[in-house]
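Visitor: Listed here are the chains, written in short residue letters.
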Amino acid sequence: MKDKLHQLKLKYQGKKMAPAFNALHTFLYTPNETTHSGSHVRAADDLKRTMNTVILALVPCLLFGMFNTGYQHFSAINGFPENFSLMEHFLTWDNLWVGLVTVLPLVIVSYGVGLAIEFLFAVNKGHEVEEGYLVTGMLVPLIVPVDTPLWMLAIAVAFGVVIGKEVFGGTGMNILNPALTIRAFLFFAYPTWMSGDKVWVHEAVERAGTADAISGETVLGSLAQGSDYSYSLADMFYGFIPGSIGETSTLLILLGGLFLVFTKIASWRIMVSAVVGALVMGLIFNGVVNAGWLPEYSKFYTLMSFPYWQHLLVGGLAFGIVFMATDPVTGSQTNKGKWYYGFFIGFLSVMIRVFNPGYPEGVFLAILLMNVFAPTIDHYVLKGNIKKRLKRFKTATIYPKASDEVDTLKTETA
Amino acid sequence: MALLSKKDANLIKDPLGDNNPITIQVLGICSALAITAELKASVVMAISVLFVMGVGNVVISLIRNIIPSKIRIIVQLVVVAALVIIVDQVLKAFAYDLSKTLSVFIGLIITNCIIMGRFEAFALGNGPRRAFLDGIGNALGYGVILVIVGFFRELLGSGTLFGIKVLGDPIAKTGLYAIGYENNGFMIIPPAALIVVGIIIWVQRSRNRALIEEA
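Those sequence lines, one after another, are chains A and B.
Per this note's numbering: the first sequence = residues 11 to 424.
Per this note's numbering: the second sequence = residues 53 to 267.
Think of the hints as simulated: they come from the structure by calculation, not from any bench.
Bear in mind the structure is a predicted one, so any value in this text is a computation, not a measurement.
Worth double-checking, as some hints may not be accurate.
[As the list claims (entries may be wrong)] Which chain A residues face chain B? A few, computed with CB under 7 Å, are given here: (1) 198; (2) 199; (3) 200; (4) 201.
Glycine included, every Cβ here is placed at the ideal spot set by N, Cα and C.
Sequences are here, hints too, so could you generate the full structure?
Guide: And the structure:
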């Protein structure tokens, strides 16, 4: 197989379909090309390795999402089990089966459509297929509701990959995170399928209005309507709550995040500052409520009085911070910029959540907004640094002191 | 084209293609974003602009030698404003509902950069016949884009064309809706127009690579 691919590659070199063969070849094996001249760095962490590491970090979320899909489905029908036991009620074959038949088609459509477009563009434009879509394709099914119709997902993926990425020049050139572009497109194009109390549990839409009607409102959704929710803190942390497929389990997201930080794939600065930002905004809201400035009948009351640190446990905030905000292409590049960038993501996410109950999930909007601002942040960080160094240079005493040489030196370097 | 000389014919042909006011000069974007959610509104807007530009260019061209150049912008504004008021009154009298939909955007034709641009750039320096052709050509170029954008936005966003349900009834679930199709709510909001215009620009430039600027 390997030799055959090598031969195929040689055969199609320079032909129109070459990028397609090369992509398949690189995906399966280490490329057989070596640089012949000049100095070069030998490192194993190329784009392919980076992408695979992120996918590894996502696998627990995906598996958990599958079990949770089944768990929410059966619990909504039969009622939640009273003495919850992990092995008996959660990790069952029934749950996994429901999860497999609902989630796998989403994964397949996401990869199928996305990669098809990537190949098409690569062949048409004559450049190599980049690995960028590998992660996007995995993220997309994790951030949509379980019952998203497949054709909608296909359209959204096509839109996201073409308008969000390829028009800017492909992997590495995009301004917006493609996975979030896809999510945003779905949200604005088909709002009835992306929010409300019917979409988070498998088959809830089909059963609506019948005697078997089931409902699974997310924690944030209930809060936005001013009603209470029936999930315990542990449920929220471990992720036994309704929500988009992969975003519910804060525990597994945390583990994935730690894995990414230790492999140095994702920036810990962005993660930490985003968490801080969310906490600060939550604290401000709690403070307003505690100070008695907000009457209890206000429509913001329930969301604003939601304990500040619990914002991190519900909805997609944790998932967004770990897997979306840290995207190296669309985020800030400078270390100082990353602090600002992350902080505002957390800050704005909680703000959008509270002030606009129509968008209970503010995270994707906050990240997309900061994606747009990331280059500006970097620009000012760079300018600030240049200014600081110029100032340092002006006040610096250059030895030998007080000689004519100093002035000539200064004019030369300035 | 025996009726027009080649030079005159180009006055109409250019704005329709390689010198389109919206996709190449990127003028008049505001109204193109705002009123193209329905095809009917797009067509009426296109016709209104056609009238204002055709007549306006002729009027400016006729008085071009007696306008003091210091106050020419004011004079141009007065001419456009007068024409726009005529359009507005006619719409209010004969198509009241449509006039409601278009609301402020008929009035805003006054500030449409395409119109002022053509007055400044063409009507002030050319005879009435050529000015008329130029006005018609640019208004048609504007209208064509409006109609294309309006067509896609109404078809994908509401499933209708001129208010006729071409894709079936979304509530009774007939036609395409019977197999699970749904309207794309994204196409109704103005940002979608920006993306549709962007795609038109993309298609136009990839068909004629001479239009791509040097980076």
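Visitor: Determine for every hint whether it applies to the structure shown.
Guide: Hint by hint, here is what the structure shows:
Using the Cβ-Cβ criterion of 7 Å, the hint placing residue 198 of chain A at the interface with chain B is satisfied: the shortest such distance is roughly 4 Å. The beta carbon of residue 199 of chain A comes within 4 Å of a beta carbon in chain B, closer than 7 Å, and the hint placing it at the interface holds. Nearest Cβ of chain B to the Cβ of residue 200 of chain A: about 6 Å, under the 7 Å cut. The hint holds. At its closest, the beta carbon of residue 201 of chain A sits 6 Å from a beta carbon of chain B; the interface hint therefore holds under the 7 Å criterion.
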